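> So the sequence shown is residues 14 to 305, counted in our numbering.
Note that these hints are calculated values from the structure, not bench results.
Just so it is clear, the structure is predicted and the values come from calculations on it, not from any experiment.
Just to be clear, a hint being listed does not mean it is correct.
Under the rule of at most 30 Å between Cα atoms (straight-line distance), these lysine-lysine pairs were calculated in the DSSO-like manner [stated by the list, open to error]: (1) LYS66 <-> LYS180; (2) LYS177 <-> LYS66; (3) LYS180 <-> LYS121; (4) LYS121 <-> LYS66; (5) LYS121 <-> LYS177; (6) LYS84 <-> LYS66; (7) LYS121 <-> LYS260; (8) LYS121 <-> LYS84; (9) LYS177 <-> LYS260; (10) LYS260 <-> LYS180.
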Amino acid sequence: MTTASELRSGKGHRDENFPVASWIIHPRHRPLILAFYNYVRAADDIADHATLKPDEKLAYLDLLEAELNGKGDSQREAVDLRRALEARAMPPRHALDLLTAFRMDVTKLRYENWDEVIHYCRYSAMPVGRFVLDVHGESTATWAASDALCAGLQINNHLQDCGKDYKALNRVYLPRDALEASGASVEMLGLDRAPPALLQCLQGLARRTQGVLDEGRSLGGEVRDMRLALEVSVIQAFADRIVRLLKVRDPLSERVHLRPLDLLAFSLRGMAGELMRRAAGRRPVSKPAAGA
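Please take these sequences and the hints and turn them into a complete structure.
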């Protein structure tokens, strides 16, 4: 049987829109976070695979789940993460939540409204932030802000890649009611340039995503670990820059991804802002996490 490793797209942690276990994170946490990333990336690549049939994708996802739970040793990513979690006495909860999202990617190609998109983010994005917080021993009180930041990052990605997702996978994360309200259609995503109606929809969704990101802005101040707070500040800076681009650009015809120099500049800006905030002693109040 072909393994999940053989089905990988080649995309790695350095290809993401946000840092994954960067040098900012304490070295003792990076191996576990990278094992988590590799497992999630393998599952994501299966869900997005161009030639696998839906039932084959679901079978591979089931296998990754079984082996993460200790039932087999044929899938390297599952075995590596299982052993890394066992070494820290951590359950596989967050990785299993992500598999729910990847199964949705296989079986659900359209979303009716914003609430359905946020429900998807509950499984596709929020578990990532919760996992990293757990690795650092942070309180679950930080989950609410983390959930908002992660959802914002996910929707940014949906908007950036809306044309590619439609053309390659016939998958549309833009809410149907938002498209309809703007007079846009799904088929417009197949064009090389967004017509005015679609651009209105996309930029309206970007403005709404900015509000979600604002709800997560307190996260850096809520976590105790300084290095993690700096990492969060960098991620927030990346997300803010991308959403600003999405509010004024057409993702079908214009660049809405950050270049290497942009990444460096916004990394430094984000870290400087967090250091200044901590030096001033400002610490936001946490909000309880919904659905924790």
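> Give a verdict on every hint.
Do the hints match the structure? See the list:
no.: 1; hint: LYS66 <-> LYS180; verdict: holds (17 Å)
no.: 2; hint: LYS177 <-> LYS66; verdict: holds (19 Å)
no.: 3; hint: LYS180 <-> LYS121; verdict: holds (16 Å)
no.: 4; hint: LYS121 <-> LYS66; verdict: holds (14 Å)
no.: 5; hint: LYS121 <-> LYS177; verdict: holds (17 Å)
no.: 6; hint: LYS84 <-> LYS66; verdict: holds (24 Å)
no.: 7; hint: LYS121 <-> LYS260; verdict: holds (27 Å)
no.: 8; hint: LYS121 <-> LYS84; verdict: holds (28 Å)
no.: 9; hint: LYS177 <-> LYS260; verdict: holds (19 Å)
no.: 10; hint: LYS260 <-> LYS180; verdict: holds (22 Å)
The earlier numbered hints are all upheld by this structure, with none contradicted.
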